[in-house]
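Asker: Chain by chain, the residues run as shown.
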Amino acid sequence: KNEVEQSPQNLTAQEGEFITINCSYSVGISALHWLQQHPGGGIVSLFMLSSGKKKHGRLIATINIQEKHSSLHITASHPRDSAVYICAVRSYNTDKLIFGTGTRLQVFP
Amino acid sequence: KAGVTQTPRYLIKTRGQQVTLSCSPISGHRSVSWYQQTPGQGLQFLFEYFSETQRNKGNFPGRFSGRQFSNSRSEMNVSTLELGDSALYLCASSLQGFEKLFFGSGTQLSVL
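So the sequence lines, in the order shown, correspond to chains A and B. Quick note on numbering: the first sequence equals residues 103 to 211 in our numbering. Quick note on numbering: the second sequence equals residues -4 to 107 in our numbering.
Take these hints with a grain of salt, some might be off.
[To be verified] 25 Å max Cα-Cα, derived DMTMM-like pairs, lysine to aspartate or glutamate:
| no. | chain 1 | residue 1 | chain 2 | residue 2 |
| --- | --- | --- | --- | --- |
| 1 | B | Lys95 | B | Glu77 |
| 2 | B | Lys95 | A | Glu169 |
| 3 | A | Lys155 | B | Glu77 |
| 4 | A | Lys198 | B | Glu70 |
| 5 | A | Lys156 | B | Glu77 |
| 6 | B | Lys95 | A | Asp197 |
| 7 | A | Lys155 | A | Asp183 |
| 8 | B | Lys95 | B | Glu47 |
| 9 | B | Lys95 | A | Glu117 |
| 10 | B | Lys8 | A | Asp197 |
[Stated by the list, open to error] Quick look at which bits of chain B chain A covers, simulated, 3 or more residues with Cβ under 8 Å:
| no. | region |
| --- | --- |
| 11 | 3 to 11 |
| 12 | 57 to 64 |
| 13 | 69 to 80 |
Just so you know, these hints were derived from the structure itself, not from any lab. Where a beta carbon is used, it is the ideal one built from N, C-alpha and C, also for glycine.
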């Protein structure tokens, strides 16, 4: 079993829909990152969380440390949100970043 | 402010050769980390440098090595290349390693 699990693996949505991507992890962490990767490889860091909730524009990230779970929400989705979203946790014990396998999102007009 | 710069963008090598990749971090950032991305394994952590010292290392063989210079620029080296080393190699920088990461565009390495 992977230490970081994401669901769903693939997600298709219509423009305007509310989207949720989930991340569960099994190790103790000091921080959790949400990353966005567009075709062509470039990765952008969306959020870094250690507790609570963060919001940036139409994106909201939450984390529940007790349940070892985080969610990334996209409100009013747009075709430009189409990308792979990757959850990564920094292990409290090893300080290493451990990545989930990513969620491929496609938003159609 | 310039972003993280990785060179070269593309590289083709043959088995048994060695390769050196370069990463220039954002000015003022002292932490540089390296990652390998393949379709089969996804993103995997290679190593992290802070102030010219390797602070952490992932589970990769000794053929993978790196270093960081006094200006925070970093290089990674892969010796005796294998077909399985074909991947996108990404570096990221941050102020001290525990904050938001800024990624370069990556170096796409193909080993023939």
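Asker: If a hint holds in the structure, say so; if it does not, say that too.
Answerer: Hint-by-hint comparison with the structure:
1. Between the alpha carbons of lysine 95 (chain B) and glutamate 77 (chain B) the distance comes to roughly 33 Å, so the proposed pair goes past 25 Å and is violated.
2. With a C-alpha separation of about 23 Å, the suggested pairing of lysine 95 (chain B) with glutamate 169 (chain A) holds against the 25 Å cut-off.
3. Simply put, lysine 155 (chain A) and glutamate 77 (chain B) have alpha-carbon atoms about 43 Å apart, too far for the 25 Å limit, and the pair is violated.
4. A distance of roughly 19 Å separates the Cα atoms of lysine 198 (chain A) and glutamate 70 (chain B); the hinted pair therefore holds under the 25 Å criterion.
5. Between lysine 156 (chain A) and glutamate 77 (chain B), the direct Cα distance comes to roughly 42 Å. Violation of the 25 Å bound is thereby established for this hinted pair.
6. The straight-line distance between the Cα atoms of lysine 95 (chain B) and aspartate 197 (chain A) is roughly 15 Å, inside the 25 Å bound, and the hint therefore holds.
7. Restraint check: the Cα-Cα separation between lysine 155 (chain A) and aspartate 183 (chain A) comes to about 20 Å, which is no more than 25 Å; the hinted pair holds.
8. With a C-alpha separation of about 20 Å, the suggested pairing of lysine 95 (chain B) with glutamate 47 (chain B) holds against the 25 Å cut-off.
9. Of the supplied pair hints, the one linking lysine 95 (chain B) and glutamate 117 (chain A) is violated, its CA atoms being roughly 29 Å apart against a limit of 25 Å.
10. A threshold of 25 Å between alpha carbons decides the hint, and for lysine 8 (chain B) with aspartate 197 (chain A) the separation of about 32 Å lies outside it, so the pair is violated.
11. With 0 residues carrying a beta carbon less than 8 Å from a beta carbon of chain A, the region 3 to 11 of chain B misses the three-residue requirement, and the given coverage is violated.
12. With 0 residues having a Cβ less than 8 Å from any Cβ of chain A, the region 57 to 64 of chain B misses the three-residue criterion, and the hint is violated.
13. Only when three residues or more bring their CB closer than 8 Å to a CB of chain A does the claim for the region 69 to 80 of chain B stand; here the count is 0, and the claim is violated.
Checked against the numbered hints listed earlier, the structure breaks hints 1, 3, 5, 9, 10, 11, 12, 13; every other hint is satisfied.
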